[in-house]
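Trainee: Can you make the complete structure from the sequences, with help from the hints?
Respectively, the protein sequence lines represent chains A and B. Counted from 1, the first sequence has number 22 at position 22 by full-length UniProt numbering; the numbering is strictly sequential. Counted from 1, the second sequence has number 332 at position 332 by full-length UniProt numbering; the numbering is strictly sequential.
Each hint should be verified, as a subset may be incorrect.
Claimed, not checked - One side of the interface only, derived from the structure: several residues of chain A facing chain B at Cβ under 10 angstroms:
#  : residue
1  : Thr-6
2  : Lys-7
3  : Val-14
4  : Phe-16
5  : Trp-25
6  : Leu-28
7  : Ile-29
8  : Ile-30
9  : Val-32
10 : Gln-40
11 : Pro-41
12 : Leu-46
13 : Ile-47
14 : Ser-48
No lab work stands behind these hints: they were computed from the structure. Glycine residues also receive a C-beta, built at the ideal position from the N, C-alpha and C atoms.
What follows is each chain in one-letter form.
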Amino acid sequence: MPSEETKERITKVVEFGRTVLHYGWIPLIIYVGYTRSTPQPTLIKLISPLA
Amino acid sequence: MASSSLPEKDSFDAAPLSPPQALPSSPSPFLNTVSPLTSVYNRFYEWRKSFDFPNPGTVENLQKEVKATHLTNFIFDGARADLTKSLSMNPAFQVTHAFALGSQTSAPSYNFGAVFANQNVFLQGSIDHDGNVNARMNQGWSESNVTKVQAQLSSQPGHNMVQMEHDYQGLDYTINAKAINPWPTDLTGMFIGNYLQSVTKNIAVGFETLYQRPTPELAELTTSYLAKYTSTEKNWIATAQIQPAGILQATYWQKLSEKVEVAADLQLIAAPQRRDAITTLGAKYDLRMSTFRAQLDSTGKVSALLEQRFAPTFAFLVSGEIDHFKNSAKVGLGVMIESSSLTPEEMGMPPQP
Numbered sequence: 001m002p003s004e005e006t007k008e009r010i011t012k013v014v015e016f017g018r019t020v021l022h023y024g025w026i027p028l029i030i031y032v033g034y035t036r037s038t039p040q041p042t043l044i045k046l047i048s049p050l051a
Numbered sequence: 001m002a003s004s005s006l007p008e009k010d011s012f013d014a015a016p017l018s019p020p021q022a023l024p025s026s027p028s029p030f031l032n033t034v035s036p037l038t039s040v041y042n043r044f045y046e047w048r049k050s051f052d053f054p055n056p057g058t059v060e061n062l063q064k065e066v067k068a069t070h071l072t073n074f075i076f077d078g079a080r081a082d083l084t085k086s087l088s089m090n091p092a093f094q095v096t097h098a099f100a101l102g103s104q105t106s107a108p109s110y111n112f113g114a115v116f117a118n119q120n121v122f123l124q125g126s127i128d129h130d131g132n133v134n135a136r137m138n139q140g141w142s143e144s145n146v147t148k149v150q151a152q153l154s155s156q157p158g159h160n161m162v163q164m165e166h167d168y169q170g171l172d173y174t175i176n177a178k179a180i181n182p183w184p185t186d187l188t189g190m191f192i193g194n195y196l197q198s199v200t201k202n203i204a205v206g207f208e209t210l211y212q213r214p215t216p217e218l219a220e221l222t223t224s225y226l227a228k229y230t231s232t233e234k235n236w237i238a239t240a241q242i243q244p245a246g247i248l249q250a251t252y253w254q255k256l257s258e259k260v261e262v263a264a265d266l267q268l269i270a271a272p273q274r275r276d277a278i279t280t281l282g283a284k285y286d287l288r289m290s291t292f293r294a295q296l297d298s299t300g301k302v303s304a305l306l307e308q309r310f311a312p313t314f315a316f317l318v319s320g321e322i323d324h325f326k327n328s329a330k331v332g333l334g335v336m337i338e339s340s341s342l343t344p345e346e347m348g349m350p351p352q353p
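Mentor: Following this line, the structure appears as structure tokens:
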């Protein structure tokens, strides 16, 4: 069994990873899609529902 | 004598040439040592291959056809609008804005989604107005190996979920392993493993084992059994799943013609404290510009959903449900608009004259 200290550290790391994923997941997909798309779309078309 | 041994030798030489068991040109001493094992395995593999059983599909997709025919997964109430924008076809990249309001069961909502997919990777994310994120990632390693990760991330504690799974599709079997909310320090969580094997060209049987460990002191193991019968023409499928707690789910799906599919689902609970059964019957019509689904179930609900496409980019949805036993009704109206920044040539369509 890992010690209390290690457990605490794992909890912190998981919590940090969760926060990063929570705020970073959608921007990541937009970034990946934006850079890999052919042809590359304009940013306004990406975000606005009407453009 | 020589003539009889010659063809045998030929077939033996030809066997290693097929890709899965191609032997290296210069076998190492290690390979020489284990060669009796590999040759036994190869013969076993060849023997299994000779039956020519199909892959039974995944356990998750056991009732896929029934779910696609019934409208349980499609029905909505209130008003909704989905605006989808395709920004690229290859690799696929699209964003969705979904608005919903006036529903009896859920509050008005806005949802933004993004999807990116290429040959091996599928990334999907959506965020609602409260900041809850749904994330999904599939990574295909080869034809038969897929790893999937799903997560629900919320700022409220207790609403987070993560699910990791791996799918392996073999020659005539499928294996899937899943972990839901695993916690590394005390190994709690939910773990699911399932196996589905074709035993004849039509019948596949399998099991699903669920290992629940909500706290380190408490662990529970339950196994349910599955069976699937696919007709030779693949136009009807029957499935059954039985859980030891006394739950039986049986489904039947049939494609009556190119445009009409019908499905039935029976759920039977015969536990000591509760006895219940629900039957659902449904039909789906795929017409040229519309899809119509109708459903009737034994709880007294009659429902229908019409999806009418006026143009390739514009669809109109009407749904309705009447609960005869509770004397209540639901109506839903929706529009689906797809726009694209691409020219028809870029979408891979033939140029218009």
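Trainee: Evaluate each hint against the coordinates.
Mentor: A quick look at each hint next to the structure:
1. Thr-6: Holds - the Cβ of A:Thr-6 comes within 10 angstroms of chain B, reaching about 8 angstroms at its closest.
2. Lys-7: holds, 4 angstroms
3. Val-14: It holds, given that the least Cβ distance between A:Val-14 and chain B is near 8 angstroms, below 10 angstroms.
4. Phe-16: This hint is violated: A:Phe-16 lies away from chain B, its Cβ roughly 13 angstroms from the closest one there, beyond 10 angstroms.
5. Trp-25: For A:Trp-25, the interface hint holds, since the closest Cβ of chain B sits about 5 angstroms away, which is under 10 angstroms.
6. Leu-28: For A:Leu-28, the interface hint holds, since the closest Cβ of chain B sits about 8 angstroms away, which is under 10 angstroms.
7. Ile-29: holds, 4 angstroms
8. Ile-30: holds, 6 angstroms
9. Val-32: With a minimum Cβ separation of about 5 angstroms from chain B (threshold 10 angstroms), the hint on A:Val-32 holds.
10. Gln-40: holds, 8 angstroms
11. Pro-41: Hint on A:Pro-41: holds, closest Cβ of chain B at ~4 angstroms, below 10 angstroms.
12. Leu-46: holds, 6 angstroms
13. Ile-47: holds, 8 angstroms
14. Ser-48: With a minimum Cβ separation of about 9 angstroms from chain B (threshold 10 angstroms), the hint on A:Ser-48 holds.
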